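Q: Turn these sequences into a full structure, and let the hints guide you.
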Amino acid sequence: MLELALFSLLNGLVFGMLLFMLSSGLTLIFGMMGVLNFAHASFYMLGAYFAYTLGASVDFWPALLLAPLLVGGLGALVERFGLRRVHRFGHVAELIFTFGVAILVEEVVQLVWGRPAKSYEAPAVLDFALFRLADNAFPAYKGFMLLVAVGIFLFLFGVFTRTRAGLIIQASLTHPGMVAMLGHNVPRVFMVVFGVGSALAGLAGVIAGPVLGTFPGMAQVLGSIVFVVVVIGGLGSLTGAFIASLAIGVIQTSAVALDLSLGTTAASLGLPVDGGGALQDLWRVTIAQVAPMLPYLLLVLVLIVRPTGLFGTRET
Amino acid sequence: MSAPAPATTRHVEVAATASWTHRLRRLGVWLAAGALLLALPHVVRNPVAVPVMNQMGIAVVFALSYNMLLGQGGMLSFGHAVYFGLGGFIAAHVLNLAGPGGLYLPVPVLPLVGGLGGLLFAALFGSFSTRRAGTVFAMISLGVGELIAASSLIFDGFFGGEEGVTTNRTRAPLLLGLEFTTDRQVYYLIAGWALVAAALMYSFSRTPVGRMANAVRDNAERAEFVGYSARWVRFVSFCAAGFFAGVAGGLFAINYEILTAENLGLNASGAVLLMTYIGGIGYFVGPILGAVVFTFLQSMLSDYTGIWLLYLGIMFLATVLFVPAGLAGLIAMHLPAWRAGRLRTLAAPYALTALVALVTAAGVIGLLELVHFVVSTSPSRTTMRLFWMTVPARTLAPWLGFAAAAAAGALGVRWAAPRAAAAFAAASRPPGAP
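Which chain is which? The protein sequence lines are A and B, in order. In terms of my numbering, the first sequence is residues 15 to 330. In terms of my numbering, the second sequence is residues 115 to 548.
What the hints contain is simulated information worked out from the structure, not anything from laboratory work. No experiment lies behind these values; they were computed from the predicted model shown. Be aware that a few hints might be false.
One side of the interface only, derived from the structure: several residues of chain A facing chain B at Cβ under 8 Å [what the hints assert, rightly or not]:
| no. | residue |
| --- | --- |
| 1 | Leu109 |
| 2 | Ile110 |
| 3 | Phe111 |
| 4 | Leu118 |
| 5 | Ala136 |
| 6 | Thr175 |
| 7 | Gly231 |
| 8 | Val235 |
| 9 | Val245 |
| 10 | Tyr310 |
| 11 | Leu313 |
| 12 | Leu317 |
| 13 | Arg320 |
Here's a subset of chain A near chain B, in silico, CB distances under 8 Å, partners left out [to be verified]:
| no. | residue |
| --- | --- |
| 14 | Leu78 |
| 15 | Leu79 |
| 16 | Leu80 |
| 17 | His101 |
| 18 | Phe103 |
| 19 | Gly114 |
| 20 | Glu121 |
| 21 | Leu125 |
| 22 | Gly128 |
Note that the Cβ used here is the ideal one computed from N, Cα and C, for glycine as well.
A: Okay, here's the thing in structure tokens:
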């Protein structure tokens, strides 16, 4: 039992770190521009598809580098020629613009790569079991995912706290006017952050594609969860995004493994269960079935109790 | 998102103290709309048109209810289909209870049941989600939307699982002998309800609470200082929007006799945002225009091409980028020129711009359709029908041709658009101004 718990904790950690790669960029972009980027998960999807196509012609390893670069460039272009233009129409227009980009990317992906899922596979080098825990094999590829995610986390942390660029970015988050006065090109800082955030999302797509599947709906599946993470963690807060990513990752992966329902729990406690009526589904539902709902339940609860999120300092 | 709304949404109508002539003219507009709705099925002879018009009527009510939130209340919702869908599901269940020996509930009253269902859930979810506007509201609406969408896969008893809930409108008792067996009979029901709902929603926007919704949208803090609870004002708008979304859902249940989980999912919520925004959120008629155009394109384009959603997406992005005030805003923009009698001076520069824009669009559409053809058909098929021509899709020539058209058109737009803008500026100058 303990080993099983450890195993699902490990899986949760992998998923959580993946979420962090997406949410870190999203929360930074929000912190700077005050707009939630609906297209963020679309860049994640593009990363997976680019890597799939590049992987067929070059190899997985060059694609691991090239695909995020391409996605980052695309993100910078979207910021420069789309978002910056819409900016003067207000925040609602910006949000709606990114929503439109998300729709467009999904349709373009369907146009170019088709509707069925692509068989984007992990490289053969990493196709072995790293270790076994309670008869469950932990694939080496998941270890690799964890490694990349931790590397990105350390890289981001280092850039933010140890370099001049990080200093300027942090200052632009809170005092864009002052930073501009000091002679920095703030719109360009925004563009670079948007591009780097998109590239990180793309990288997440490259490494998650083989595990979570590469299909046109993959952006929508993860997109809402990433939103949940960013909002729960507190908009604009990297620490919050990190903690919320891990929490959501662990909660979701462990809930899937639990086969308890209200009915069986009540029965094991010796309570009488009325199995009929319109509410019969309520007794039947297992925690595993409710697992996809949990993040949203958490989102609504956190927003009711603490609208700034766990580590956020502002609401909008 | 507490920043002031963009200028286009801050459009404030003339005060409610309109003169008699104003009121008569307004009444005339509603009467004309009613007459148009009555005449439409007799004017449009195409048999396919009636189902499309039914769909439009439902979409109009839904989009108008959405604009009570976004346009008039400044609340961006990503889960408005929840109230549409839940209202529809409740209406479908109630319709199943009606019939011989069951509940006495004639079909024309059913949208009211859907509306009450929408109202109930709007009051429930609105009680906590309208505490704040802006991003917090948007995120809660997204969370509630995802929660309901996820629970629709779990609670089969209410949502009917994958096949959804089916119903039969002909089993309900008759009111005044009115039968609803054909699409045309349902058309009159939908048109009547759409007219009544639109009139009610318009009236709501003229009531004090409707006015306060605008005030809270523009500056919640000042509204609070005047003595209104911003939260209460938002809550009332939210409930009213939920009610009318439920009415639209009830009409949907009557028209299609089936509801599935898709009707309350994220995609349905996105579609209503799209159509409302394309129509123009700053004007009452905006969502009506948007719903009609969106539904028309949806039913027309899907007949001609498999990638119609892509075109809709492009259109949506172009609207956000170039016409943020929407179709209604585009029309309203030209009122000064029309009053000054200078609309005719715009014809030539506009026609020129439209022509080059059409060339660009033809080039882009051609390229996209070529990609779609090459990707989605087997390599043995080499020719496709495109723009009334037979095109050898797997040779270089058509690709070059369409790319050239797109590029030439784009250059043309760059040349013609500033001229059209200058003509517009000249035409909209008030008479007497230098």
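Q: All the hints need checking, so say for each whether the structure fits it.
A: Tested hints:
Because the beta carbon of Leu109 (chain A) sits about 6 Å from the nearest beta carbon in chain B, less than 8 Å, this interface hint is met. Checking Ile110 (chain A) against chain B by beta carbon gives a least distance of about 6 Å; that is within 8 Å, so the hint holds. Annotation: interface hint on Phe111 (chain A) holds; nearest CB of chain B at approximately 5 Å, less than 8 Å. With a cut of 8 Å, the hint placing Leu118 (chain A) at the interface with chain B holds, because the nearest CB-to-CB distance is about 4 Å.
A distance limit of 8 Å between C-beta atoms decides the matter here; for Ala136 (chain A) the minimum to chain B is near 25 Å, and the interface restraint is violated. For Thr175 (chain A), the interface hint is violated, the least distance from its beta-carbon to any beta-carbon of chain B being 27 Å, above 8 Å. For the restraint placing Gly231 (chain A) at the interface with chain B, the shortest Cβ-Cβ distance is roughly 11 Å, beyond the 8 Å limit, so the hint is violated. Of the supplied interface hints, the one on Val235 (chain A) is violated, with its beta-carbon coming no nearer than about 11 Å to a beta-carbon of chain B, more than 8 Å.
Nearest Cβ of chain B to the Cβ of Val245 (chain A): about 5 Å, under the 8 Å cut. The hint holds. The beta carbon of Tyr310 (chain A) is positioned within 8 Å of a beta carbon in chain B (closest approach about 4 Å), and the interface hint is therefore held. Checking Leu313 (chain A) against chain B by beta carbon gives a least distance of about 4 Å; that is within 8 Å, so the hint holds. With 8 Å as the threshold, the beta carbon of Leu317 (chain A) comes within range of chain B, its nearest partner Cβ sitting at about 5 Å, so the hint holds.
Checking Arg320 (chain A) against chain B by beta carbon gives a least distance of about 10 Å; that is not within 8 Å, so the hint is violated. Against a cut-off of 8 Å between C-beta atoms, the interface hint on Leu78 (chain A) is violated, since the closest Cβ of chain B lies about 25 Å away. Checking Leu79 (chain A) against chain B: minimum C-beta separation of about 27 Å lies over 8 Å; hint violated. For Leu80 (chain A), the interface hint is violated, the least distance from its beta-carbon to any beta-carbon of chain B being 22 Å, above 8 Å.
The closest approach between the C-beta of His101 (chain A) and any C-beta of chain B is roughly 11 Å, which is over the 8 Å cut-off, so the hint fails. A cut of 8 Å between beta carbons decides the hint on Phe103 (chain A): the least distance to chain B is about 5 Å, and the hint holds. Interface restraint check: Gly114 (chain A) against chain B, minimum CB-CB distance 4 Å, threshold 8 Å, status holds. Annotation: interface hint on Glu121 (chain A) holds; nearest CB of chain B at approximately 4 Å, less than 8 Å.
This hint holds: Leu125 (chain A) has a C-beta 6 Å from the nearest C-beta of chain B, less than the 8 Å allowed. Using the Cβ-Cβ criterion of 8 Å, the hint placing Gly128 (chain A) at the interface with chain B is satisfied: the shortest such distance is roughly 6 Å.
In terms of the numbered hints stated before, the structure departs from hints 5, 6, 7, 8, 13, 14, 15, 16 and 17, listed from lowest to highest.
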